[in-house]
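Number of protein chains: 4
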Amino acid sequence: METNVKTTPFMQEKGETNRGRLLVKCPDRPGIVAAISKFLSDFQANIIESSQYSSDPEGGTFFIRIEFDCPSLEEKKAALEADFQALAQEFTMDYQFTYTEDRKRTAIFVSKEPHCLLELLWEWQSGDLPTDIALVISNHEEARGMVESLGIPFCYIPANKDIRKQVEQEQIALLKEHQIDLIVLARYMQILTPDFVSEFPNQIINIHHSFLPAFIGARPYERAYGRGVKLIGATSHYVTNDLDEGPIIEQDIERVNHRDHVADLKKIGRSIERRVLARAVKWHLEDRVIVHENKTIVFQ
Amino acid sequence: METNVKTTPFMQEKGETNRGRLLVKCPDRPGIVAAISKFLSDFQANIIESSQYSSDPEGGTFFIRIEFDCPSLEEKKAALEADFQALAQEFTMDYQFTYTEDRKRTAIFVSKEPHCLLELLWEWQSGDLPTDIALVISNHEEARGMVESLGIPFCYIPANKDIRKQVEQEQIALLKEHQIDLIVLARYMQILTPDFVSEFPNQIINIHHSFLPAFIGARPYERAYGRGVKLIGATSHYVTNDLDEGPIIEQDIERVNHRDHVADLKKIGRSIERRVLARAVKWHLEDRVIVHENKTIVFQ
Amino acid sequence: METNVKTTPFMQEKGETNRGRLLVKCPDRPGIVAAISKFLSDFQANIIESSQYSSDPEGGTFFIRIEFDCPSLEEKKAALEADFQALAQEFTMDYQFTYTEDRKRTAIFVSKEPHCLLELLWEWQSGDLPTDIALVISNHEEARGMVESLGIPFCYIPANKDIRKQVEQEQIALLKEHQIDLIVLARYMQILTPDFVSEFPNQIINIHHSFLPAFIGARPYERAYGRGVKLIGATSHYVTNDLDEGPIIEQDIERVNHRDHVADLKKIGRSIERRVLARAVKWHLEDRVIVHENKTIVFQ
Amino acid sequence: METNVKTTPFMQEKGETNRGRLLVKCPDRPGIVAAISKFLSDFQANIIESSQYSSDPEGGTFFIRIEFDCPSLEEKKAALEADFQALAQEFTMDYQFTYTEDRKRTAIFVSKEPHCLLELLWEWQSGDLPTDIALVISNHEEARGMVESLGIPFCYIPANKDIRKQVEQEQIALLKEHQIDLIVLARYMQILTPDFVSEFPNQIINIHHSFLPAFIGARPYERAYGRGVKLIGATSHYVTNDLDEGPIIEQDIERVNHRDHVADLKKIGRSIERRVLARAVKWHLEDRVIVHENKTIVFQ
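Chains as they are written, first to last, in UniProt numbering: chain C, 1 to 300; chain Z, 1 to 300; chain R, 1 to 300; chain L, 1 to 300.
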């Protein structure tokens, strides 16, 4: 966790500079795959990975994620995107091109408990999170040393219910200034207002410390203890304006028993939270998650 | 599943005829283990397995399950139980002696879906459920052939909301007549009335097809699909008069994804239900489950 | 498990009569997906599911499995296959069309322990194994009643080392006569000779009762007990002439501890074997498994 | 991971100063539990947790671990241990008293890969590893910054095959000087000689990056990839003079598939190694592991 620990920048891996991704959502009908793959083939793009899903082969919605390798991608980008418009129109597509060279910029929000932040920093240092961590924002000072030792700016913004509006304005200004693409709530214990959330649709990932929809809201471990469950879990989801009701990206659980008191559940829970959040963030960064209605399609 | 498949009767295993179990619940204080183990030692009983739990070492409730081997147990039973009363009084114990030779008598309730019933019959035939399956009760005829081919009485009792009272009286009469110790609801899709439940406290085990407390009530797979969860589960619990709120014995889950429609969730769910119910029933039959308030202590 | 239990024939599900699958293996190069999807599109075939894998984007082997829905498939089959030859030649493809209407014909081999056979029959009756179980062959009589009660022919062929050659000739004759596509060794405790194996390349699936490559060969549970492992497992693989060395299709494990003696490991192991074999067989029947060198690509 | 992150010293938890543990191994016979529990009761020690195991109720070896709370334990220790000798002699016991106040002193050995070291430091900082980490020894300099920032001495001792003898003498001297009770090989990539190992019997814990006994020896991930396994694992075990053959404490696995190349297996493997090693070390520190022949009894 020291600056002398060499990081493995994701982008330096062989061939990544010519790597792109195309995400498409459109009404299902025959011929979509043929059209897209011919289009890419005409640009000499080689399909590396392709995943598709149809909500219902007869009249549902079709989703596809294609990862491709294209020589001289940098020079072809403009033409690629321009030419795709006709095809998109023909099939009424929602679509998005992304390029691994253009790393997403992430801000992490944290309160007192550092375990989720630490896991993300750890994964990032190991080269497993393809992003620039541009900023850590906290309503506590605890994590400053660790964050700054990695060369990441740390912004201390005290927060409470009474000054929420003003705090969020300050946060939004910072996020805009740093051109943030993704906000990760790594156990940030403040509620976000609809105004804040609407600024970043499907761009805020939270970790909730229960297997939703069980134990929505506060103090889930205490309530899990009270109910005598034999499994506890964690859920990572996009933030919407319905508390803990946003589209679920990933969940996991561990087994507990009658010997585990609330403190034990929290301890076990921390390790679930760490891995569930890290997976969800990784999949988002690799453009593997498509939100559809209130669910996610995750192309692992 | 034919009568010519040889069953392995649990009781014929070596030494089991002298095997007993003692379950104790009492206020915690020093000296309980010493007193009990001295008592058993004085009867030449050798402790084979012992598990204990204290809800709080300072002033909580103490629980212990002891499995012991005692030569000539049959002849000593009466003296053992009589002499224990003094000790029990001294420590204000709730307690219970059971003997593996006295197999519990089980009734299984089932509706149309046979998978949980089949799993229990399978485990029982393999010698893994130490019980006499005395009776299968169903509001459908589907399972009759399979049940009767194993030499188990099958009782068809049509049921619906309007005749619930009368149906339950008939069921209770049958259960009493067959001296039933345990009722397993193996996907029995009728609600039991408080009158029925109060006849069999902590003697009715149900399987609910969700990881409670998520999706209490009807159609949990449909609701899991609607919420877009990434895990589905099943829960086995004792039946109380609060729907799906009784003490949980066992839970388990499996991973699902966006490709899994309701029919897939049901299919995956069936295999979870089978193993969760089988484990809970087995633990109950081996006297490994103690109910305390609305939770279970399970001494695996 | 009685004949009066209604089976759910897989093929009667809506739309299945027009469902086909294409499996392709060829040298990787740009344009394969475009060519195949255009080809299918020209036949009005709608791609329902598509999975691909490239062993190395630069110069490796490319694999794709496409499931498609094609109106009037029965009438178009001949043209589809004939026309595909040109494309296959251009890309040097190994390929195979299969149709869900043409159910594979399966023979199950079993010895004394019935649990794997029972699981397969159970899954088959539930409609989860899309195959015709044409034959059960055993060197013991135990399973006859159960098998015949389902209307499946049961062939008792006693076997031992000394008459192996003659036994296998009899078995091969039966398998040819019944036009068997898949042989499942559901705990069949006889070794097959190279002559037998070479008759059915990548068509024989075995279940080995350890997580290979640990405990290759005989008595794996005894050896797992001796080593004091904390996990035991099972492995389903295609049979080759190297004992327990064929391509692995699926593996799973369960946790054990010091209390579990050999008999316990066997009991726990049975439930792992059941589910591992059932999954492997299902994936094979759905054409989800491609063998490449000594490994499998499984498009789940 | 900075010095300003407050650590939660395990010992400051309420009541721990009077907490002791007794581990016993002896020939099984009736009356052992009675004798021990009476002995503890006579010292006013309250049994908090008790776990026992008998390798064979008729003539096997009996094992028990008792955790007890005893007022004024510090003053009674000497008498407790002196008086127990008579009882130990009567039952031919191997036994050991430990006290949570006397924290074990741990040395961690590491080479280049820091993930296991980091996990142990993380758990230790969270108060989950009840030990004093007295020393980190490495044959590389990479981890120095991180270790020293936590106030732990870091000893760089270059090592290779040719100077093994001299390196180990230096290490042993350091370990003796620091009064080390436990050595953790957290991916230390040097082989230890029998002389070194014999100095610390059952005091050296290693993490091997496969599910032993599969892939004993070097390059297990490469060999797992070559074999095409569908699960990879890690194993924590005590070090003996037979390479990777020592008593296994803990194992775990994760699922992999054909898409995972060697680099992916290593990445996934790192997270298995982290948690398997952390669990094994924790159980050892809590005196939950008893070595018997070449196996472990783990009283979780």
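One or more of the hints may lead you astray.
It does not matter which identical chain is used: a pair holds within one copy or between any two.
[What the hints assert, rightly or not] Result set (SDA-like, lysine to any residue): computed pairs, CA atoms no more than 25 Å apart in a straight line:
id, residue 1, residue 2
1, K161, Q203
2, K112, V167
3, K267, Y99
4, K282, V167
5, K176, Q89
6, K267, Q300
7, K161, D102
8, K267, R279
9, K76, R29
10, K295, E49
11, K104, R21
12, K295, H261
13, K161, I191
14, K282, R105
15, K165, D195
Honestly, the hints are just simulated from the structure, not real lab data.
query: Quick one: K104 to R21, C-alpha cut-off 25 Å, is that within a copy, between copies, both, or neither?
result: For K104 and R21, the Cα distance is within 25 Å only inside one copy (13 Å; across copies 38 Å).
query: Between copies, within a copy, both or neither: which fits K76 and R29 at Cα up to 25 Å?
result: between (29 Å within a copy, 20 Å between copies)
Same-copy or cross-copy closeness of K267 to Q300 [CA-CA at most 25 Å]: For K267 and Q300, only the inter-copy Cα distance (16 Å) is at most 25 Å; the intra-copy one is 28 Å.
query: Between copies, within a copy, both or neither: which fits K165 and D195 at Cα up to 25 Å?
result: within (9 Å within a copy, 55 Å between copies)
- request: Could you place K267 and R279 in one of the four classes (within, between, both, neither) given a Cα distance threshold of 25 Å?
  value: both (19 Å within a copy, 13 Å between copies)
- prompt: How would you label the pair K295, E49 (within, between, both, or neither) given a Cα cut-off of 25 Å?
  reply: So K295 and E49 pass the 25 Å test inside a copy (23 Å) and across (20 Å) alike.
task: Have a look at K112 and V167 and pick one of within, between, both or neither, based on CA distance no larger than 25 Å.
output: within (17 Å within a copy, 43 Å between copies)
task: Measure nothing new, just compare the shortest in-copy and cross-copy C-alpha distances for K161 and Q203 to 25 Å and report within, between, both or neither.
output: within (23 Å within a copy, 49 Å between copies)
message: Within a copy, between copies, both or neither: which one fits K161 and D102 at a CA-CA cutoff of 25 Å?
response: For K161 and D102, the Cα distance exceeds 25 Å both inside one copy (37 Å) and across copies (46 Å).
message: Checking an output row: K161 and I191, CA cutoff 25 Å. Within, between, both or neither?
response: Within. Shortest intra-copy distance 8 Å satisfies the 25 Å Cα cut-off; inter-copy 45 Å does not.
- prompt: What label fits K295 with H261 when the C-alpha limit is 25 Å: within, between, both, or neither?
  reply: So K295 and H261 pass the 25 Å test across copies only (13 Å; inside, 33 Å).
- prompt: For the identical chains here, do K282 and V167 meet the 25 Å Cα criterion within one copy, between copies, both, or neither?
  reply: Neither. Shortest intra-copy (28 Å) and inter-copy (42 Å) distances fail the 25 Å Cα cut-off.
In the structure shown, a violation is registered for the earlier hints numbered 4, 5, 7, in ascending order.
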